[in-house]
Structure formats: structure tokens, C-alpha cells
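Novice: Same order as they appear, the protein sequences are chains A and B.
Heads up: the first sequence runs through residues 1 to 448, numbered per the UniProt record's numbering.
Heads up: the second sequence runs through residues 1 to 228, numbered per the UniProt record's numbering.
Treat each hint with caution, since some may be false.
Said to hold, decoys possible - EDC-like cross-link-like pairs, simulated, lysine to aspartate or glutamate; straight-line CA separation at most 20 Å: (1) B/Lys106 x B/Asp23; (2) B/Lys205 x B/Glu188; (3) B/Lys106 x A/Asp280; (4) B/Lys106 x A/Asp319; (5) B/Lys106 x A/Asp391; (6) B/Lys225 x B/Glu166; (7) A/Lys425 x A/Asp391; (8) A/Lys425 x A/Glu441; (9) B/Lys205 x B/Glu107; (10) A/Lys425 x A/Asp325; (11) B/Lys106 x B/Glu169; (12) B/Lys225 x A/Glu305; (13) A/Lys264 x B/Glu22; (14) B/Lys225 x B/Asp196; (15) B/Lys106 x B/Glu188; (16) B/Lys205 x B/Glu92; (17) A/Lys266 x B/Glu24; (18) A/Lys266 x B/Glu22; (19) B/Lys106 x A/Glu281; (20) A/Lys264 x B/Glu24; (21) B/Lys225 x B/Glu169; (22) A/Lys264 x B/Asp137; (23) A/Lys266 x B/Glu192; (24) B/Lys225 x B/Asp208; (25) B/Lys106 x B/Asp47; (26) A/Lys425 x A/Asp319.
Stated by the list, open to error - Over the 10 Å line for every Cβ pair with chain B, so calculated as not near, a few chain A residues: (27) Val25; (28) Ala240; (29) Leu250; (30) Ile293; (31) Arg315.
What the hints contain is simulated information worked out from the structure, not anything from laboratory work.
Built from N, CA and C at the ideal position, the CB exists for glycine as well.
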Amino acid sequence: MRRAGLRTRVSAAFAIGALALSAGVTFVSYELISNTLFRERERAAVRATYFDATVVNAGLAGSDPEVGELLQALDIGADRYVLLYRQGQWYSRSADASAGSAVPDALQQMAATGQAGAQRIRRDSEAALVVAVPVQGEAVFYEIVSLGELERTLQLLALVLTAVAIMVAAGGAAVGWYVTRHALRPLAAVADAASGIAEGDLDTRLDPDAEPELARLTESFNHMADELSRRLQRDRRFAADVSHELRSPLQTLSAAVSVLNRRKDKLDERSAAAIGLIADEVARFQALVDDLIELARSDQPVHREPVDIGLLAGRALRDRGLPVDLVEVVPGTPVDWPIDRRRVEQALGNLLDNAVRYGGGPVAVRIGPEFLEVDDAGPGVPAESRPTIFDRFVRGPAANSRGGGDGTGLGLAIVAEHAAAHGGKVMLLDRPGGGARFRMELPQAESE
Amino acid sequence: MSAVLLIEDDDRIRLSLAMALEDEGYETHAVATAEEGLEMQRRQPADAVLVDLMLPGMDGFECIRQLRRTDDVPVIVVSARDDTHDIVAGLEAGADDYVIKPVAVKELAARLRAMRRRGRAATAAATPAMTVLTFGDLEIRPEAGEVRLHGDPVAVTRTEFRLLCELAEHPGQVLSRQQLLSRVWEYEIGDERLVDVHVGRLRHKIEDNTGRPRHLVTVRGLGYKLQP
Numbered sequence: 001m002r003r004a005g006l007r008t009r010v011s012a013a014f015a016i017g018a019l020a021l022s023a024g025v026t027f028v029s030y031e032l033i034s035n036t037l038f039r040e041r042e043r044a045a046v047r048a049t050y051f052d053a054t055v056v057n058a059g060l061a062g063s064d065p066e067v068g069e070l071l072q073a074l075d076i077g078a079d080r081y082v083l084l085y086r087q088g089q090w091y092s093r094s095a096d097a098s099a100g101s102a103v104p105d106a107l108q109q110m111a112a113t114g115q116a117g118a119q120r121i122r123r124d125s126e127a128a129l130v131v132a133v134p135v136q137g138e139a140v141f142y143e144i145v146s147l148g149e150l151e152r153t154l155q156l157l158a159l160v161l162t163a164v165a166i167m168v169a170a171g172g173a174a175v176g177w178y179v180t181r182h183a184l185r186p187l188a189a190v191a192d193a194a195s196g197i198a199e200g201d202l203d204t205r206l207d208p209d210a211e212p213e214l215a216r217l218t219e220s221f222n223h224m225a226d227e228l229s230r231r232l233q234r235d236r237r238f239a240a241d242v243s244h245e246l247r248s249p250l251q252t253l254s255a256a257v258s259v260l261n262r263r264k265d266k267l268d269e270r271s272a273a274a275i276g277l278i279a280d281e282v283a284r285f286q287a288l289v290d291d292l293i294e295l296a297r298s299d300q301p302v303h304r305e306p307v308d309i310g311l312l313a314g315r316a317l318r319d320r321g322l323p324v325d326l327v328e329v330v331p332g333t334p335v336d337w338p339i340d341r342r343r344v345e346q347a348l349g350n351l352l353d354n355a356v357r358y359g360g361g362p363v364a365v366r367i368g369p370e371f372l373e374v375d376d377a378g379p380g381v382p383a384e385s386r387p388t389i390f391d392r393f394v395r396g397p398a399a400n401s402r403g404g405g406d407g408t409g410l411g412l413a414i415v416a417e418h419a420a421a422h423g424g425k426v427m428l429l430d431r432p433g434g435g436a437r438f439r440m441e442l443p444q445a446e447s448e
Numbered sequence: 001m002s003a004v005l006l007i008e009d010d011d012r013i014r015l016s017l018a019m020a021l022e023d024e025g026y027e028t029h030a031v032a033t034a035e036e037g038l039e040m041q042r043r044q045p046a047d048a049v050l051v052d053l054m055l056p057g058m059d060g061f062e063c064i065r066q067l068r069r070t071d072d073v074p075v076i077v078v079s080a081r082d083d084t085h086d087i088v089a090g091l092e093a094g095a096d097d098y099v100i101k102p103v104a105v106k107e108l109a110a111r112l113r114a115m116r117r118r119g120r121a122a123t124a125a126a127t128p129a130m131t132v133l134t135f136g137d138l139e140i141r142p143e144a145g146e147v148r149l150h151g152d153p154v155a156v157t158r159t160e161f162r163l164l165c166e167l168a169e170h171p172g173q174v175l176s177r178q179q180l181l182s183r184v185w186e187y188e189i190g191d192e193r194l195v196d197v198h199v200g201r202l203r204h205k206i207e208d209n210t211g212r213p214r215h216l217v218t219v220r221g222l223g224y225k226l227q228p
């Protein structure tokens with residue numbers, strides 16, 4: 001499973017922390033408030049009951065008191081309910097004599113022993129408090145106080161507190177998201193700079209004063225970029241130096257061989273053969289040096305200009321003594337392509353040389369929208385050679401010797417580099433009916 | 001037999017190229033420094049000059065500039081460095097063409113022959129009826145090898161003259177760089193910078209304001225044309 005991103009993780013941690021904290025605070029404060037309110041309410045209820053009990057007690061002092069009237073006379077609110085248990089009979093303000101069933105047995109027994117007490121019960125699915133006060137004449141005065149309103153208040157409080165806790169958690173997540181965005185912004189700058197360098201802009205550097213906390217990162221990044229550009233420059237200079245150093249002796253060889261070649265007839269057979277060998281090898285050496293220099297420079301940007309691709313292909317064929325009518329243009333293909341003439345011409349030439357050398361000669365050069373294809377007559381490329389065919393110094397088995405000996409082994413590698421420089425690629429396909437098909441894709445505009 | 005001045009500091013290259021050029025039928029004056037080369041050209045003018053850019057003492061660029069002060073002899077740069085900067089600087093100094101070492105002697109001989117034809121085209125086709133091609137204040141006489149601006153003669157090299165004639169023979173018509181390369185330099189495929197640098201050099205000679213050329217104008221993406 002892919003690990004969640006840093007931002008997600010930090011935000012989640014912030015949210016969980018905020019939720020735990022607010023839940024704790026909410027829980028504690030709810031408990032405190034509800035306990036305090038209940039105790040307060042109970043105390044008030046008990047006090048009221050004692051007061052009513054005193055009234056009832058006085059009323060019962062007579063010989064045959066009218067209990068019903070006595071209870072009716074009490075000043076009580078809607079949320080209180082009074083009962084009197086006297087001589088095995090329940091009395092209430094209404095005629096409902098079964099009201100006594102609401103009083104728990106344990107409280108009745110305790111009150112029967114002459115002790116006052118109170119117990120919390122549930123009545124009509126509401127919390128209520130039953131207070132028992134023994135009065136004179138073996139009687140017990142009960143008062144049932146409804147706590148429903150308090151309970152509803154506390155429910156509302158709980159709801160509000162929960163909502164607050166959730167909001168705090170969401171706020172925590174938002175803060176985490178915001179904070180990480182700010183914390184990661186310098187890293188985004190690093191990422192931009194790194195991709196700038198990867199695209200070839202070697203002068204990209206980070207501002208060392210922008211983020212003091214990231215000074216070390218900035219410093220090592222800039223150091224890396226300096227080092228990289230110095231190495232690239234050294235490599236380029238080396239390629240230029242090598243080209244110069246190799247080309248000068250090659251010039252001498254080439255000129256001296258041509259002098260010898262002219263006098264071949266005057267030499268004996270063995271010497272003439274030896275000179276022929278030297279001439280061939282000088283030519284190959286020269287091709288190798290040219291190809292190596294081309295590869296060393298292949299990372300340079302392409303110089304795009306409108307090029308008539310059909311003319312270019314025709315010329316590439318003519319230069320190699322191949323029939324120009326091999327060119328097939330897919331209908332709808334634009335005539336002028338914005339490409340680097342020299343590099344595309346070389347790439348196409350290398351594909352043609354490759355077809356001649358290893359593929360029994362080209363049978364078609366197809367020009368289509370943003371692609372060029374070269375089909376050959378050969379046996380196709382064996383599966384084991386395919387993965388490495390565009391690597392350097394990889395040569396296939398020569399199908400015939402018309403190509404004038406071995407190639408440099410760099411031709412297809414150069415094709416791949418030129419295609420890549422145009423933002424495209426080269427690939428090896430199978431031609432329907434046998435043979436290989438090399439397809440070079442050349443996007444007309446740089447894809448960013 | 002035509003003579004070639006070869007200025008090359010590498011002894012082995014100088015020796016082998018001189019031999020090979022002599023095989024191709026050229027009388028070769030081979031020297032190792034630019035100073036010797038200039039002196040040699042004063043005493044025994046050659047028909048073409050081959051010059052290396054990296055030379056001890058005076059370098060090839062300066063050598064070409066000094067040659068150009070007095071001489072319209074065709075100059076080919078023969079350099080082992082093929083970076084754009086060196087090539088363009090060599091052409092801007094006044095060279096007509098360039099080749100990169102190692103160059104096959106046959107190829108070098110072909111370049112020399114092409115330049116010789118360029119030189120001769122300006123003079124050999126002289127006919128009794130002198131043609132004058134006029135573009136406003138610019139006058140070109142192909143047979144006489146003459147260019148006049150406001151009536152005053154302008155000194156142009158043979159390659160510049162061929163280029164101007166090519167454009168003048170197609171008044172108002174756009175010629176592409178590749179067309180000019182094949183007609184003036186006889187290149188089947190060649191470096192278009194040759195054309196651009198020569199056009200730049202010509203503009204310095206025939207335009208009052210090289211930043212806003214009036215006669216020799218660039219047609220973006222197509223090529224160049226000459227207009228009154």
C-alpha cells in the first residue's frame with residue numbers, strides 16, 4: 001500500500017490531537033456541569049419537600065384531618081408531584097391512588113423506619129427525584145420532583161459541546177494542512193529547480209537567503225548543481241579536445257593515404273593490398289570519431305526550422321544510391337516540418353545505412369504525420385537483440401557487405417539521441433510480411 | 001596549373017596535404033604561420049588560400065582579415081574545431097567556405113574547383129553587350145565583375161559577387177538558402193550559415209543601414225531576395 005503523503009499525515013495528526021483534546025475538555029466540563037446542576041436541583045427539591053412536609057405535618061396534627069384537602073393546599077409547581085402514605089393508604093392530589101407505585105420499595109422501607117431519604121428514579125421515561133420525609137402519625141410524605149427539564153438542558157449542552165469538539169478537530173486538520181503547505185513551499189522550490197536542471201537549464205540555483213531554516217538543503221543543492229554543471233562542461237570540453245586531437249592525425253593519415261593510393265599501381269600486390277586496408281580503416285576511424293563527437297553533443301538543444309521532409313528523404317536516398325521512389329507519403333502529412341535538418345537527415349541516413357547493412361536494403365521510407373518509417377527486406381531483428389539494439393557499440397550480423405564493411409556500432413544510438421532531442425523516440429516494429437520497421441517519431445512542438 | 005597557399009602549423013598535416021594537393025594538380029605554397037603566409041601571398045600570389053584557425057602567433061581569423069584588405073582571393077578555412085562560434089567567426093573574418101578536418105583531398109579539390117568556377121564566371125562570360133542590373137542606387141555588372149553603390153565601385157569578394165549576381169538575376173524573387181548554397185557554392189547539402197554570413201558581409205558593403213536592409217532583404221522562413 002502506498003504511504004499517505006506527508007501533508008495528509010501531518011493534517012491527520014493535527015486533527016486527531018485536536019479531537020482528543022477537545023473531547024477530553026468537553027467530557028470533563030460536561031461531567032462537572034451536570035453533577036453541579038443535579039446536586040443543586042436535588043438540594044432545592046429536598047428543601048422544598050421539607051418545607052411542604054412541615055405544612056403537612058402541621059395539618060395532620062388534628063384528630064381527623066382531611067388529607068386530600070391538605071395536599072391540595074400545598075403550593076407546588078407543575079413539575080412536582082406529592083404523595084402521602086398514611087395508615088397503609090396512598091393519598092395524592094388527584095384521585096389516582098396507584099401513584100404510590102412510582103416510589104421505589106427500598107425508599108418506602110427506609111422511610112417506614114422513620115428516616116428521611118431521597119432516590120433518583122425514572123418516571124415516564126424522565127429522570128425524577130423521590131424525596132421521602134416521615135411525618136407524624138406513622139405517615140410518610142413523598143414528593144416526586146421531575147428532572148426532565150434539567151435533563152433536556154444537559155442534552156442540549158452535550159450536543160453543543162460535541163459540535164464544538166468536531167469543529168475544533170476540523171480546525172486542527174485545516175491548521176495542519178495550512179502549516180504543511182507553508183513548511184513544504186521551500187521544498188516545492190527545490191523540486192522546481194531540480195526539474196529545471198534536468199531539462200538542461202544548468203544555471204538554476206536556489207536563493208540561499210530565502211529560507212534560513214533550509215540553509216543546509218539550499219547549500220547542498222546549489223553545490224550539487226555547481227558540481228553537475230562543472231562536470232558537464234568538462235565533458236563537453238573533453239569531447240571538443242578529443243575531437244581536435246583525433247582529427248589532426250586523421251587529417252595526416254587521410255592525406256597520406258590518398259597520396260599512396262594514387263601510386264597503388266606502381267606498388268607490388270602485397271603493398272597495394274595493405275594500403276587498401278589502411279585506407280578502409282582510416283575511413284572507418286574517421287566515421288567512428290564523427291559518430292562519437294555526435295553522441296557527445298547529442299544533449300544540445302535542437303535547432304528547429306521548416307524543412308521539406310519529402311525533399312530531405314529523397315536526398316538521403318539519392319546520396320546512398322538508393323531509388324528515390326521508395327518514399328511513400330501518408331495522405332494528410334504536412335510538407336514542411338519544424339525540425340533540425342542536419343540531425344534528422346543524419347538519423348534517417350543512419351536508418352537507411354542500417355537497412356542496407358543488416359536488413360537486405362530498405363523497401364520503403366514512409367513519411368506520416370510526425371513520424372518517419374524505414375522498412376527493410378531482411379529477416380527482422382531476433383528477439384534477443386531487440387532490447388539492446390539502440391545501445392552503443394551494438395552491431396547486428398551483417399546481411400551483406402554492400403555497406404562497405406562494418407559500421408561504427410553507433411548509428412542507431414545516434415538515431416535514438418536525435419529523436420530524443422526532438423522530444424520523440426525511435427522504435428523497432430515488425431513489418432507486415434517480414435523484415436524490420438524502424439519508426440522515428442518527431443513531435444513538431446516541444447511537449448512540456 | 002593553379003597555385004594554393006596552405007597555412008598550417010602542424011608539420012605532418014602540412015606535408016601530407018601539400019603532397020596530396022600536388023597530386024591533384026595544384027602548385028602548393030605550404031607555410032607554418034600566418035605571417036609567413038601573408039608574406040608568401042604578397043610575393044607569389046596563389047589562386048586560393050587554405051588556412052587553419054589555430055595558429056601560433058597571428059591566428060587564422062586575423063590572417064583572413066589581413067588578406068581581405070588587399071585581396072579577394074578565395075579562402076577556405078580548414079579547422080579541426082567544428083563549433084559554430086569558430087566557423088561563423090572565420091566566415092565573418094572573410095573566408096568563403098570552411099571544411100572540417102579530416103577532409104578528404106578529393107573533397108578539398110572539389111571545393112577549390114567550385115571556387116575557381118565562381119571566380120571565372122564573373123570574368124569569362126564577357127560579351128560585347130555589357131549587362132547592367134540596376135536596383136535603385138545599386139548597380140551590378142555581371143560581365144565586368146563590378147558592383148556600384150551611388151555610382152561608386154564597391155569591393156566585394158568573388159563569392160560575395162556570385163551571391164549578389166545570383167540574387168540580381170532573379171529580381172524580387174525569393175531564393176532559399178539551400179538554392180543559394182547549390183548555385184553559389186555548388187553544395188548539394190551544405191551549411192546554411194555560409195549563406196547567412198555572406199549576406200551579412202554583403203549588407204555591410206551595399207546597405208546604408210544594415211539593421212534595416214533596403215536591397216538585400218530576408219524573407220522569414222524562406223530565404224533572401226534582392227529589390228530596388
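Novice: Indicate, hint by hint, whether the structure satisfies it.
Specialist: For each hint, the structure was consulted:
For a cut-off of 20 Å, the pair hint linking B/Lys106 to B/Asp23 stands: about 10 Å separates their Cα positions. A threshold of 20 Å between alpha carbons decides the hint, and for B/Lys205 with B/Glu188 the separation of about 28 Å lies outside it, so the pair is violated. The suggested pairing of B/Lys106 with A/Asp280 holds, with an alpha-carbon distance near 16 Å, which does not exceed 20 Å. Using a Cα cut-off of 20 Å, the hinted pair B/Lys106 and A/Asp319 holds, with the two alpha carbons roughly 17 Å apart.
Of the pairs offered as hints, the one joining B/Lys106 and A/Asp391 is violated, with about 34 Å between alpha carbons and a cut-off of 20 Å exceeded. The suggested pairing of B/Lys225 with B/Glu166 holds, with an alpha-carbon distance near 10 Å, which does not exceed 20 Å. Note on A/Lys425 and A/Asp391: the hinted pairing holds, with a Cα-Cα distance of about 14 Å set against a maximum of 20 Å. In summary, the hint linking A/Lys425 to A/Glu441 is supported, as the alpha carbons are separated by about 5 Å, within the 20 Å threshold.
Of the pairs offered as hints, the one joining B/Lys205 and B/Glu107 is violated, with about 31 Å between alpha carbons and a cut-off of 20 Å exceeded. This hinted pair does not check out: A/Lys425 and A/Asp325 have alpha carbons roughly 26 Å apart, beyond 20 Å. Annotation: proposed proximity of B/Lys106 to B/Glu169 is violated, straight-line Cα distance about 31 Å (limit 20 Å). A hinted pair counts as satisfied when its Cα atoms are at most 20 Å apart, and B/Lys225 with A/Glu305 qualifies at roughly 19 Å.
A distance of roughly 17 Å separates the Cα atoms of A/Lys264 and B/Glu22; the hinted pair therefore holds under the 20 Å criterion. Taking the CA atoms of B/Lys225 and B/Asp196, the gap is about 13 Å. The hint holds against a cut of 20 Å. Restraint check for B/Lys106 and B/Glu188: satisfied, since their Cα atoms lie roughly 16 Å apart, inside the 20 Å limit. Simply put, B/Lys205 and B/Glu92 have alpha-carbon atoms about 13 Å apart, close enough for the 20 Å limit, and the pair holds.
Proposed proximity of A/Lys266 and B/Glu24 is supported: the alpha carbons are some 18 Å apart, at most 20 Å. Under the criterion of a C-alpha separation no larger than 20 Å, the hint pairing A/Lys266 with B/Glu22 is consistent with the structure, at around 18 Å. In summary, the hint linking B/Lys106 to A/Glu281 is supported, as the alpha carbons are separated by about 18 Å, within the 20 Å threshold. Restraint check for A/Lys264 and B/Glu24: the C-alpha separation of about 15 Å stays at or below 20 Å, so the hint holds.
At roughly 10 Å between alpha-carbon atoms, B/Lys225 and B/Glu169 fall within 20 Å of each other, so this suggested pair holds. Proximity of A/Lys264 to B/Asp137 is assessed by CA-CA distance (about 58 Å); at most 20 Å being required, the pair is judged violated. Restraint check for A/Lys266 and B/Glu192: not satisfied, since their Cα atoms lie roughly 43 Å apart, outside the 20 Å limit. Distance check on the hinted pair: B/Lys225 and B/Asp208 sit about 17 Å apart at the alpha-carbon level, within 20 Å; holds.
Restraint check for B/Lys106 and B/Asp47: the C-alpha separation of about 18 Å stays at or below 20 Å, so the hint holds. A distance of roughly 25 Å separates the Cα atoms of A/Lys425 and A/Asp319; the hinted pair therefore is violated under the 20 Å criterion. Every CB of chain B lies more than 10 Å from the CB of A/Val25, the least distance being 73 Å, so the non-interface label holds. With a minimum CB-CB distance of about 7 Å to chain B, A/Ala240 fails to clear the 10 Å threshold, and the non-interface call is violated.
With a least CB separation of 4 Å from chain B, A/Leu250 falls inside the 10 Å interface cut-off, contrary to its annotation. Taking the minimum C-beta to C-beta distance to chain B, about 8 Å, the non-interface status of A/Ile293 is violated against the 10 Å cut. Here A/Arg315 does not stay apart from chain B, with its beta-carbon only about 6 Å from theirs, under the 10 Å limit.
Going down the numbered hints, you'll see the structure goes against 2, 5, 9, 10, 11, 22, 23, 26, 28, 29, 30 and 31, while the others check out.
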